[in-house]
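Per numbering that gives the first Met the number 0, the sequence shown starts with residue 0, numbered consecutively.
In case anyone wonders, no lab produced these hints; they're calculated from the structure.
Since the structure is predicted, the reported quantities are computational estimates derived from the model, not experimental observations.
Treat each hint with caution, since some may be false.
[To be verified] Label-pair ranges, simulated between beta-carbon atoms: (1) G43 - L22: 28 to 38 angstroms; (2) A46 - T8: 51 to 61 angstroms; (3) L23 - L53: 54 to 64 angstroms; (4) N36 - T6: 38 to 48 angstroms; (5) T16 - L53: 50 to 60 angstroms; (6) S10 - L47: 47 to 57 angstroms; (7) L53 - D28: 34 to 44 angstroms; (8) A11 - R31: 51 to 61 angstroms.
Glycine residues also receive a C-beta, built at the ideal position from the N, C-alpha and C atoms.
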Amino acid sequence: MPGLPETLTISALLAATLEYAILLRHREDQRRAERFNDFAERLGHQALQRMRLLDRGRPARHWASFGTRFR
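Generate the whole structure from the sequences, applying the supplied hints.
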């Protein structure tokens with residue numbers, strides 16, 4: 000049966016290992032969130048560019064002569 004010093008050493012090693020595993024999990028979660036945000040930002044930017052390109056072919060809107068409606 001191990002003594003008190005060996006037991007404390009093993010429990011400290013186990014606690015440090017678990018703490019390191021949690022730290023690695025948090026880092027991976029943060030990287031995953033950053034990748035998702037970058038992807039969403041890039042996708043949104045590309046969608047805005049496509050909308051801008053599609054809008055170029057439309058004629059400009061003018062006021063109608065009989066009121067405030069656009070033609």
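*Can you list which hints this structure breaks, lowest number first?*
3, 8
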